[in-house]
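J.: In case you want the letters, here they are:
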Amino acid sequence: DTEVTQTPKHLVMGMTNKKSLKCEQHMGHRAMYWYKQKAKKPPELMFVYSYEKLSINESVPSRFSPECPNSSLLNLHLHALQPEDSALYLCASSQEGRTYEQYFGPGTRLTVT
Amino acid sequence: QKEVEQNSGPLSVPEGAIASLNCTYSDRVSQSFFWYRQYSGKSPELIMFIYSNGDKEDGRFTAQLNKASQYVSLLIRDSQPSDSATYLCAVAEEAGTASKLTFGTGTRLQVTL
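In the order they appear, the protein sequences are chains U and Z. Residue numbers for the first sequence follow this note's numbering, beginning at 970 and rising by one. Residue numbers for the second sequence follow this note's numbering, beginning at 148 and rising by one.
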C-alpha cells in the first residue's frame, strides 16, 4: 500500500457543527501533516505529528483540533468553524530518514455554511 | 520567514516543446528542493526533488539547482497536454524528526495542441 487516504472527499458543515476529517497511511511513515489550501494559493502547513506526538502547531485556531491515535491514523476535529475556513484540507506523510519527501492524500474539500 | 518565488503564469507552450519553470528562494542555507504537480481540484503530487547543485533527470523531467544563485528550475521535455497543471516549487527545512515545506505560489502551465 503506497498511498495516503482521506475521508470524506467532500464535507459541508454549518458553523455550529462538529465534524472530523480522517487520514490514513500504511506505509510505515512516522511523520504526518495537515495542510490547508485555499483556491489558487499554495498549501499552508497547519500541524505536524512525529512519532504520534504533536511537534508543530503553526498557530492554528483552537477550533481545529488534531489527533493521532496511532502511527497510521491522523484526525482533524472541527468545531465552530467560520465560512473562511472553507478550503481543501490535505494530509501528507513522510518516512523516517526521508522526511523531506512528503506524499499527499487526495484531500477533503470542506465547505462551511 | 522563508520565501519561495514563482511566476504565476500561465506559461503557454506548444505540444512537443520544452517547458521551463523557475523558482527562487530567499534562505541561503536551504538544502532540499521539491517540485509538485497539482491538477485542478486535485492534491499535489511529488514529481522531482533535488539536493545537490547541478541537474537531475527523471524521464522527461529535469530539475536544476544553483545554490549560489538561489535558483531552482524544472524542465519538461516533449510537453504533452496532460502536463497542463500548476507546478509548485517547495523548499524543505528540518523540524525535529519531521520537516516543514514552504511552497511557492505555483506556475500554471498550459500545453497547447
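You may find that some hints are simply not true.
What the hints assert, rightly or not - Okay, the calculated bits of chain Z under chain U, using three or more residues with CB under 8 Å as the criterion:
hint	stretch
1	206-216
2	233-244
3	251-259
What the hints assert, rightly or not - Here are a few chain U residues that sit away from chain Z, every Cβ distance over 12 Å (derived from the structure):
hint	residue
4	Met984
5	Lys988
6	Arg1032
7	His1046
8	Pro1052
9	Glu1053
Hints listed in this document are in silico derivations from the structure and should not be mistaken for laboratory results. Yeah, the Cβ is synthetic: ideal placement off N, Cα and C, and Gly gets one too.
J.: Does each hint hold? Answer for all of them.
T.: Hint check:
{"no.": "1", "hint": "206-216", "result": "violated (count 0)"}
{"no.": "2", "hint": "233-244", "result": "holds (count 6)"}
{"no.": "3", "hint": "251-259", "result": "holds (count 3)"}
{"no.": "4", "hint": "Met984", "result": "holds (25 Å)"}
{"no.": "5", "hint": "Lys988", "result": "holds (20 Å)"}
{"no.": "6", "hint": "Arg1032", "result": "holds (22 Å)"}
{"no.": "7", "hint": "His1046", "result": "holds (21 Å)"}
{"no.": "8", "hint": "Pro1052", "result": "holds (20 Å)"}
{"no.": "9", "hint": "Glu1053", "result": "holds (19 Å)"}
Violated hint: 1 only; the structure is consistent with all others.
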